[in-house]
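Participant: As a plain string of letters, each chain reads:
There are 2 protein chains.
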Amino acid sequence: MSEILILGGGGMVGQKLAARLRADDPTCSLTLFDLGYPPEGVASATIEVGDLAAPGALTDLAQRRFDTVYYLASVVSGDAEINFSKGYDVNVHPMFAFLEALRAEHEATSGAYFPRVIFTSSIAVFGGPYPAAIPDDFTTSPQTSYGAQKLICETLVQDYSRKGFIDGMSLRLPTICVRPGKANLAASSFYSGIIREPLNGQEAILPVPDTIRHWFASPRAAAGFLAHAATLDTSELGIHRALNLPGVSCTVADQIEALRSVAGQAAVDLIKPQPDDAIFKIVSGWPEAFTADRATALGFRAETDFCQIVETYIADELN
Amino acid sequence: MSEILILGGGGMVGQKLAARLRADDPTCSLTLFDLGYPPEGVASATIEVGDLAAPGALTDLAQRRFDTVYYLASVVSGDAEINFSKGYDVNVHPMFAFLEALRAEHEATSGAYFPRVIFTSSIAVFGGPYPAAIPDDFTTSPQTSYGAQKLICETLVQDYSRKGFIDGMSLRLPTICVRPGKANLAASSFYSGIIREPLNGQEAILPVPDTIRHWFASPRAAAGFLAHAATLDTSELGIHRALNLPGVSCTVADQIEALRSVAGQAAVDLIKPQPDDAIFKIVSGWPEAFTADRATALGFRAETDFCQIVETYIADELN
Chain A
1 MSEILILGGG GMVGQKLAAR LRADDPTCSL TLFDLGYPPE GVASATIEVG DLAAPGALTD
61 LAQRRFDTVY YLASVVSGDA EINFSKGYDV NVHPMFAFLE ALRAEHEATS GAYFPRVIFT
121 SSIAVFGGPY PAAIPDDFTT SPQTSYGAQK LICETLVQDY SRKGFIDGMS LRLPTICVRP
181 GKANLAASSF YSGIIREPLN GQEAILPVPD TIRHWFASPR AAAGFLAHAA TLDTSELGIH
241 RALNLPGVSC TVADQIEALR SVAGQAAVDL IKPQPDDAIF KIVSGWPEAF TADRATALGF
301 RAETDFCQIV ETYIADELN
Chain B
1001 MSEILILGGG GMVGQKLAAR LRADDPTCSL TLFDLGYPPE GVASATIEVG DLAAPGALTD
1061 LAQRRFDTVY YLASVVSGDA EINFSKGYDV NVHPMFAFLE ALRAEHEATS GAYFPRVIFT
1121 SSIAVFGGPY PAAIPDDFTT SPQTSYGAQK LICETLVQDY SRKGFIDGMS LRLPTICVRP
1181 GKANLAASSF YSGIIREPLN GQEAILPVPD TIRHWFASPR AAAGFLAHAA TLDTSELGIH
1241 RALNLPGVSC TVADQIEALR SVAGQAAVDL IKPQPDDAIF KIVSGWPEAF TADRATALGF
1301 RAETDFCQIV ETYIADELN
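Protein chains in written order, with my numbering: chain A, 1 to 319; chain B, 1001 to 1319.
In short, the hints are calculated from the structure, not lab data. Remember, it's a predicted structure, so these values are computed and weren't measured experimentally. Glycine included, every Cβ here is placed at the ideal spot set by N, Cα and C. It is possible that part of the hints are untrue.
Said to hold, decoys possible - Here are the computed distance ranges between Cβ atoms for each label pair:
(1) A:D67 to B:A1297: 24 to 34 Å
(2) A:G299 to B:E1203: 47 to 57 Å
(3) B:A1183 to A:D233: 35 to 45 Å
(4) A:R301 to B:T1109: 51 to 61 Å
(5) A:A278 to B:A1297: 26 to 36 Å
(6) B:A1112 to A:D276: 53 to 63 Å
(7) A:T59 to B:E1107: 25 to 35 Å
(8) B:N1083 to A:D210: 47 to 57 Å
(9) B:A1297 to A:G164: 19 to 29 Å
(10) B:A1108 to A:E48: 35 to 45 Å
(11) A:G299 to B:A1253: 37 to 47 Å
(12) A:A278 to B:A1108: 19 to 29 Å
Just chain A, with the same shape it has in the complex (with noise of 0.2 Å):
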């Protein structure tokens, strides 16, 4: 019987990810770690609260020797972004204290406990200027302190992974939309709020001009990434550990067109632009396309255009 945790498995993508993985296997022993969890949380999942970046926590986790990690605990862009020391203290140190607790594992073991960890990174590793689709080989040079956090976590679990003593993967996100749930401090927020609240009959704001392109996979396929990854060959991935993941790529005017196709002019016109040069400056720094070919060839799969996005969040939250 597998033996899996969720580091952050009270967020949104974590509970997608557990639910996704109990369906999938029944048996499973599914562990999440998280400061809270939502009240209507996963079934048949072991529920432990507690914070990270507390002294301890992570090395206490990696004595139980689960079999797969995933990694999705983090301070998001935003926050991090205005809250600096936050950001480190929640999304380096406490990486590199669990790698070490893994570390001494395998090796109290001679070799023999070798986990799968599957870390979410994200496209905010990269800095513009841009190509129109961003090749797999293209450079990282973070903008936001979001970047940085989730580029020094792949370069330990790149490395942490090429010395054997984790068998390791980094799964740089799309933007998650439409994210259920309430808008958050992610400089991205807006791009699901722009969606979620016209189909729940709620004014949305929209800050930015909608000539902003950008790069989306809905929850069900960050889950479904996440539960591939667990199953990957991960000989394929050679010593680049870090993977760009396949997504749609449109702008914020197509998004909206996709809200009109499914849900008529009313839900468009719940839309209201009110400019934010502080969210403006952040997501105009993001990657706007990937080719993700490798990914795509692993056999990482997503939506391929908005409309299926917005069909998606309807079908999972709104039925």
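Take the given structure of chain A and dock chain B to it, following the hints.
Facilitator: Below, chain B without anything else, positioned relative to chain A:
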């Protein structure tokens, strides 16, 4: 009067840099910090002995608010590969502690303290396969722990600079050759040994095939890069704070040919092939050549052929 700190000032490059800075400006204040120093050290510099990995050591130095800090201190590549914990303990954690201490001074002075920080990174941040000449925007993907540690520090220097806490940059030095003195644990050590030992009438071991191509600059060029970096208008760096520096691309056979042309066949006869798979594995993954367009446009200069590098060694070390 400019106040300059060189972390790792007792090392070979640190000593060359101190001599160069002293020659350029007899009035500057030079402070060197390192575990130890060669007996024939640079005159007119304040020599401090200490361990930057010791608790508080770098905080004390940061509080002295040097105008310019050179961060050269590092465990070398071969050592970092064998001694995993030591590599991170010396090459990563002190950098983070130092940047945090500099940020505290920046904030304590309401931003008035804004030091120039020049970090010596390495071409080991890259991973193959490589194009014949690596462009400035080639992706980083370290294949050694040393390279991973340098990339993590680069990422920190860029993020602290982007946030305006320091005015930092990372210089990806070519392999420095011909190093004076003794062989060290760097996997690249033999590149100097096969020139230095024969020029001193001693046998040298060549652990790799002579078809291996690599990227070089002399110690004199390295000191020149670092001196130039202190005077650079960093607004020209834009958002990308790491630079690939210029150098000479040549094979081991080219190196040997240069030695023959300068010192004759008797010198070449002192080179003894003795294959070492561990060294071959590391150095065969290293880059062979760079375009270094950005650094060249910014005024960084190196030798243009390996004969010049041999002649620099003879002029600076044997006369």
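Participant: It remains to establish, for every hint, whether it holds in the given structure.
Facilitator: Structure-based check of each hint:
no. : hint                          : in the structure
1   : A:D67 to B:A1297: 24 to 34 Å  : 51 Å, violated
2   : A:G299 to B:E1203: 47 to 57 Å : 54 Å, holds
3   : B:A1183 to A:D233: 35 to 45 Å : 41 Å, holds
4   : A:R301 to B:T1109: 51 to 61 Å : 53 Å, holds
5   : A:A278 to B:A1297: 26 to 36 Å : 33 Å, holds
6   : B:A1112 to A:D276: 53 to 63 Å : 30 Å, violated
7   : A:T59 to B:E1107: 25 to 35 Å  : 32 Å, holds
8   : B:N1083 to A:D210: 47 to 57 Å : 54 Å, holds
9   : B:A1297 to A:G164: 19 to 29 Å : 41 Å, violated
10  : B:A1108 to A:E48: 35 to 45 Å  : 40 Å, holds
11  : A:G299 to B:A1253: 37 to 47 Å : 44 Å, holds
12  : A:A278 to B:A1108: 19 to 29 Å : 26 Å, holds
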